[in-house]
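Peer 1: If you want the building blocks of each chain, they are given just below.
There are 2 protein chains.
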Amino acid sequence: MSNNILAVGSMAFDTIETPFGSHQKILGGSCNYFALSAQNFANVKCVSVIGEDYPKEHLSLLKSRGIDLDGIRQAPGKTFHWSGRYGYDLHEAQTLQTDLNVFEHFDAEVPEAYRSSPIVFLGNVAPALQSRVLSQVTKPRFIALDTMNFWIEGSRDALVDAIGKAHALIINEAEVRQLTKCHNLVQAANTVRSWGPQILVVKRGEYGAVLFDHGDVFSVPGLPLHDVKDPTGAGDTFAGGFVGYLASQTNFSLSRLTLRKAVVFGCVMASFTVQEFGFQELIDLKRHQLDERYQKFVELTEFHLE
Amino acid sequence: MSNNILAVGSMAFDTIETPFGSHQKILGGSCNYFALSAQNFANVKCVSVIGEDYPKEHLSLLKSRGIDLDGIRQAPGKTFHWSGRYGYDLHEAQTLQTDLNVFEHFDAEVPEAYRSSPIVFLGNVAPALQSRVLSQVTKPRFIALDTMNFWIEGSRDALVDAIGKAHALIINEAEVRQLTKCHNLVQAANTVRSWGPQILVVKRGEYGAVLFDHGDVFSVPGLPLHDVKDPTGAGDTFAGGFVGYLASQTNFSLSRLTLRKAVVFGCVMASFTVQEFGFQELIDLKRHQLDERYQKFVELTEFHLE
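Residue numbers (numbering that gives the first Met the number 0), protein chains in the order written: chain A, 0 to 305; chain B, 0 to 305.
One thing to keep in mind: the hints can contain errors.
Remember, identical chains collapse to one label, so a pair may be satisfied in a single copy or spanning two.
SDA-like mimics (lysine to any residue), calculated; alpha carbons at most 25 Å apart, straight line [claimed, not checked]:
(1) K228 with E172
(2) K180 with G20
(3) K295 with L253
(4) K228 with L256
(5) K24 with L58
(6) K180 with H225
(7) K295 with D215
(8) K164 with N250
(9) K180 with E91
(10) K77 with V216
(11) K295 with N183
(12) K24 with S193
(13) K55 with R255
(14) K164 with E51
(15) K62 with F19
(16) K164 with S247
(17) K295 with D160
(18) K228 with R131
(19) K138 with L284
(20) K180 with S21
(21) K295 with R192
(22) K180 with E275
Derived from the structure by calculation, the hints contain no laboratory data. Small disclaimer: the values here were computed from a predicted structure and weren't measured.
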């Protein structure tokens, strides 16, 4: 039996421009992408807030997937809205606007029934909210935290404080450089470790991911895809695959090989998200497709057979 | 017994600026880096030209390594000089100046004794010189070609013509995008294949390399290093490991696994070059160090063990 995951993150509208198309106010947010990804592996319990303008049908869809929404509040006002633009390399988003809206007064109350969840994912929201969620959980075995430049720039101290309580930091390459003020990843990993987390997962977009786990280093390249349209949500989807795979182990373990496979499942999940705008690809996904794509990563990277 | 490699490339002075130091007129050039890398695996016969200012001691050093210099002419005038600058990401060089000097009137005559070499490496020189070398070889079994933005911008037609005669194109990621006018690597590989070469090796600096071989795709990440000082020559060193490993096979083969291991040996060799300015690291290298670092790539990337 898999372990429950408590996840805090945003439910959002995204407005996205890429060279391959533009979309106005499509459904997004770290909680959505994470939950739709992680639910392939384990039960997900969401903590988030939506405005009055949020479509009820989407909540029904999440529920139909078995995602627990009891921790999602509806508040007066508008749903969180993020607007960003990508160039041809689709690597780093230029944020055009961040409207926190209902997130501005969100208190991140964790329902009683969620508090004993062994696995906690602190998605990309204000560091103070991440810490507030942590203060309510009773017996976390594994805490993973994701963040972005918006918080590194605006709330660095609170962020480093929240990171210090996590077992794993999951973060973009450019952002870990910004956060640690260090270009070299090996050195940046040492800095992160000195704050608390023994595990650092660096997301590299089309270049895959690197895992620093105590003294061990693992790296997997991205899967070269014929069409890549929109990387929005890829990082949260990656986190869903990574944390989800770990949670799916009946005998929860952070062994070298388990962590490595979790990183590959992160890349597997992200590779689906980038193929289309929004999370439609995730919603339509069948379990056998995950395993087939995992196998593609095996084929992509193997070279040491005799 | 390994197969001989005929290599054409530059013998140069490099002037390099990076955030980690500056060096004036140190020894460099694609022929030097390639030969010092490939000689770990096979015999290398060089075709190049030097000016009157080139240090004889360096030629003696190359000879002492068993590198064949009969195809290196000394011409009146100055040695080729390249000057470039890197930013903190050490990813792409900004060329400050390219003084062809003696290369301007070089005719790339291949010594009689070189002409039957089964393996040919056309290093980063003018595409017309690359084609001229090819016109003199009598029974090439494998031809690999490297190039750079300077020739893509100034001699595109001659370059595409030379590429059409090669079995493998080895090229930087940004440069294959520039050459094919296509951002997506899978699509760029299709374009390159339509010109002739069935093998495309894309060098990605710290992100490793991707191999497109007919329908097969292989990718290996770069080895995260604690200190990276200067990427100059890393691409030629990579080519030396890749072509050298292929040449070292007694029964020459381009099998899936052989090509993949060759790419990893390319990354192994490049990982030494970037640790210091110039090619001192390469000169001091012992064979067991190559095998130890190859093993590090195995440890870096394995995840599918049971």
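Peer 1: None of the hints should be skipped; say for each whether it holds.
Peer 2: Cross-check of the supplied hints:
no. : hint           : verdict
1   : K228 with E172 : both (20 Å within a copy, 19 Å between copies)
2   : K180 with G20  : between (34 Å within a copy, 20 Å between copies)
3   : K295 with L253 : both (24 Å within a copy, 21 Å between copies)
4   : K228 with L256 : neither (32 Å within a copy, 32 Å between copies)
5   : K24 with L58   : within (16 Å within a copy, 65 Å between copies)
6   : K180 with H225 : between (35 Å within a copy, 15 Å between copies)
7   : K295 with D215 : both (24 Å within a copy, 11 Å between copies)
8   : K164 with N250 : within (23 Å within a copy, 56 Å between copies)
9   : K180 with E91  : both (18 Å within a copy, 21 Å between copies)
10  : K77 with V216  : neither (43 Å within a copy, 46 Å between copies)
11  : K295 with N183 : between (29 Å within a copy, 19 Å between copies)
12  : K24 with S193  : neither (40 Å within a copy, 41 Å between copies)
13  : K55 with R255  : neither (42 Å within a copy, 51 Å between copies)
14  : K164 with E51  : neither (33 Å within a copy, 64 Å between copies)
15  : K62 with F19   : neither (32 Å within a copy, 54 Å between copies)
16  : K164 with S247 : within (23 Å within a copy, 52 Å between copies)
17  : K295 with D160 : neither (38 Å within a copy, 34 Å between copies)
18  : K228 with R131 : neither (35 Å within a copy, 42 Å between copies)
19  : K138 with L284 : neither (32 Å within a copy, 52 Å between copies)
20  : K180 with S21  : between (33 Å within a copy, 23 Å between copies)
21  : K295 with R192 : between (32 Å within a copy, 22 Å between copies)
22  : K180 with E275 : between (33 Å within a copy, 23 Å between copies)
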